[in-house]
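Novice: Protein chains in written order, with numbering that gives the first Met the number 0: chain H, 0 to 240; chain W, 0 to 240.
Calculated directly from the structure, the hints in this document are not laboratory data.
Computed from a predicted structure; not experimentally measured.
Please note that a few of the clues may not be correct.
Intra- or inter-copy, both count: the list cannot distinguish identical chains.
Taking lysine to aspartate or glutamate pairs in the DMTMM-like style, the calculated list, with each CA pair at most 25 angstroms apart, reads [as the list claims (entries may be wrong)]: (1) 171 / 209; (2) 116 / 152; (3) 56 / 152; (4) 200 / 184; (5) 191 / 209; (6) 200 / 172; (7) 91 / 152; (8) 151 / 19; (9) 191 / 224; (10) 151 / 184; (11) 170 / 92; (12) 189 / 52.
This is what each chain is made of:
2 protein chains.
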Amino acid sequence: MDNKPALHTCISPALLHLYDLSNSIIVIIDIFRATSTIAAALYNGAKAVIPVDSVPKAIDISKNIDGIAAGERDGKVAEGLEHGNSPLEYAKEFIEGKTLVLTTTNGTRLLQMALDKNADTIISGSFLNLSAVCDYIVAEKKNVILGCAGWKDRFNLEDTLFAGAVINRVKKEFTIHCDSSLMAEIIYAKHKNNLTSFAPKLTHYHRLVERFGLIEDIKYCLTPDAANILPVYRNGKLIVE
Amino acid sequence: MDNKPALHTCISPALLHLYDLSNSIIVIIDIFRATSTIAAALYNGAKAVIPVDSVPKAIDISKNIDGIAAGERDGKVAEGLEHGNSPLEYAKEFIEGKTLVLTTTNGTRLLQMALDKNADTIISGSFLNLSAVCDYIVAEKKNVILGCAGWKDRFNLEDTLFAGAVINRVKKEFTIHCDSSLMAEIIYAKHKNNLTSFAPKLTHYHRLVERFGLIEDIKYCLTPDAANILPVYRNGKLIVE
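Looking at chain H on its own, in the form it has when it is part of the complex (with noise of 0.2 angstroms):
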């Protein structure tokens, strides 16, 4: 036995319950792509993310703060807003100084799930802040879930590409015993080199591309390090501390 921290994957919100966060750091992962957005604003110089569950909740919270309302639903701008959940909507001219009040399908849920579990630390991830995550969780030391939003509680693989990624960089720090980390593992380093030609082959791009045509969206959150900063959740806001 050694005494590293545990790492585990979870694959799904629907399987939450499967794992105690209470002595965790849980990553929020959203590729597609409500924490891409949450890094590229961030990282753009957005004072803060305010993510809630609800486009009136966003309204009402932007209102009182002279923030920024956006969200989507089923891929698109929600209906009531005027921004939606592109990471390239929210360049620095645009954001910086600014609070974002989002609210995504499946990113924001997953949040208040952790939340509601007590989670330790969450924090959020995306191929945009993959070494800021990686170089936190290994100077931490805790406990680690890779937390998949997935899509409606349906897996999806490139959530689970980037549990892929974050494993084969910091698996020397941590106990592993678990097959969906190792599930990651295994599909991340075969398509490591060409995430954006495998792309297509997802569900998920499908939506976004082919209903939406958002192309340019899919390849900036492919992008490792793009928008290298750390988000992390302290009351009720992700920050970059």
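Knowing the structure of chain H, use the given hints to seat chain W on it.
Specialist: Relative to chain H, chain W alone:
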């Protein structure tokens, strides 16, 4: 759009609610070891296998029909039973003409869940009867759910490898838009020629081999078509029609 039937892979019983079983064949998959034992017992001449959800029920039913009560809990012979969940226990000399009343940790439970969800048809799949499963689902031309029993709702790779083996053989006959199926096929394609040398990496291998020394079980359970019959669930029993 083509009008081939759809095939999905359900990678944990906790995700079964995402799938419509009412017009689908569900393949129950519990490679280590329930569905391997079911295939072996029926191949070796058992009249039927009756899956039940508790040890007392297994004992009661087996008494009434002069059957063999068998089952496992947490990988070993269940307390109160003399026979376990090893396919190698059910050689022809022992099981021919008898009815096996079987209770297991995961496979039995998933089968009961499929019944509760009014599955159109329930069959049992394992490497031992891979060809029989593939031939059947191709011939039926119905929607298919490959149902991985997992381990207490956790994802496992052995069930996924079998799902991948099925997909690898039948994919031209089905419409498959499902990241779980794509993942299963990738994992299987990578390891199809080294299943037994890959097995020691799996969580459940450690449970069975390091704790209970069941290496011969593992090898047998990974042998394609070693007991190539089709167990179909009819009126409370798995039988060969």
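Novice: Next step is simple, just say for each hint if it's right about the structure.
Specialist: Checked hints:
no.	hint	in the structure
1	171 / 209	between (40 angstroms within a copy, 23 angstroms between copies)
2	116 / 152	both (17 angstroms within a copy, 18 angstroms between copies)
3	56 / 152	within (23 angstroms within a copy, 34 angstroms between copies)
4	200 / 184	both (18 angstroms within a copy, 12 angstroms between copies)
5	191 / 209	within (24 angstroms within a copy, 33 angstroms between copies)
6	200 / 172	between (32 angstroms within a copy, 18 angstroms between copies)
7	91 / 152	neither (33 angstroms within a copy, 44 angstroms between copies)
8	151 / 19	both (22 angstroms within a copy, 15 angstroms between copies)
9	191 / 224	within (14 angstroms within a copy, 34 angstroms between copies)
10	151 / 184	both (23 angstroms within a copy, 22 angstroms between copies)
11	170 / 92	neither (38 angstroms within a copy, 48 angstroms between copies)
12	189 / 52	neither (35 angstroms within a copy, 40 angstroms between copies)
In this structure, the hints that do not hold are numbers 7, 11 and 12, in rising order.
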